[in-house]
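K.L.:
All chains should be modelled from the sequences, with the hints used to inform the complete structure.
Numbering of the sequence shown is given in numbering that gives the first Met the number 0, commencing with residue 0 and proceeding in unit increments.
Take these hints with a grain of salt, some might be off.
Quick list of simulated restraints, FRET-style, between CB atoms [unchecked claim]:
hint, residue 1, residue 2, range
1, THR61, THR83, 15 to 25 Å
2, THR12, LEU179, 17 to 27 Å
3, SER63, SER119, 24 to 34 Å
Read the hints as simulated data drawn from the structure, not as lab findings.
All C-beta atoms in this analysis are idealised placements derived from N, C-alpha and C, irrespective of residue type, glycine included.
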Amino acid sequence: MRTDTRGSLSLFTPAGQRKYLTTEERQRFLATAACHARPEVRTLCMVLAHTGCRISEALALTLSAVDFSEGFLAIRCLKKRSRTPIIREVPLPPDLLKALRAVHASDASASDRLWPWSRSRAWQIVKSVMGEAGTSIGPHATPKGLRHGFGLHAVRCGVPVNLVQRWLGHASINTTAIYLQAMGREEREIAARMWTAR
0 MRTDTRGSLS
10 LFTPAGQRKY
20 LTTEERQRFL
30 ATAACHARPE
40 VRTLCMVLAH
50 TGCRISEALA
60 LTLSAVDFSE
70 GFLAIRCLKK
80 RSRTPIIREV
90 PLPPDLLKAL
100 RAVHASDASA
110 SDRLWPWSRS
120 RAWQIVKSVM
130 GEAGTSIGPH
140 ATPKGLRHGF
150 GLHAVRCGVP
160 VNLVQRWLGH
170 ASINTTAIYL
180 QAMGREEREI
190 AARMWTAR
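P.N.:
Okay, here's the thing in structure tokens:
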């Protein structure tokens, strides 16, 4: 069991349950979402998994937020209240750009929201896809678990922490630093590299 020594800046609950999707769970989630019958569900799930945005930020997105030529999504940070909107640009993989264009670009105006659902309905949809993907019940099996999974995935892939900070919209690098913590099997793999190094 892990002890939460940093308050809310932890990837574990006080009871030691993880709050993030593992690499395998994230891959299964994306594979399940890619096969979903409703294209809008596919794109919502892909945006959450590939950008790490909060579900409320995703639901506020319009077609004008997608820069198809440069491959970025402009996400307005809804957590920070200020007179001047805080926008962060997150790069999108080509398959997500293609899906967004196919599903949303043909019949929507630039100011229409990409997904018409309420926050609670979108949360239920994401939870349903997680269930179909075989993700076990727990604090990790939520849209926030996708956000944490994105941060961990980015760090594991060697993305500089300052970019992860920007993409997630963290005001402090200390918040982003939680993704540098090695956990479970990943921690053992790092140790194994040390044991075999000569």
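K.L.:
For each hint, tell me whether it holds in the structure or not.
P.N.:
Here's how the hints hold up against the structure:
As the Cβ distance of THR61 to THR83 is approximately 19 Å, the hint placing it in 15 to 25 Å holds. Checked against the given bound of 17 to 27 Å, the beta carbons of THR12 and LEU179, roughly 19 Å apart, stay inside it. SER63 and SER119 have their C-beta atoms about 25 Å apart, which keeps the hinted 24 to 34 Å range intact.
In summary, this structure violates none of the numbered hints.
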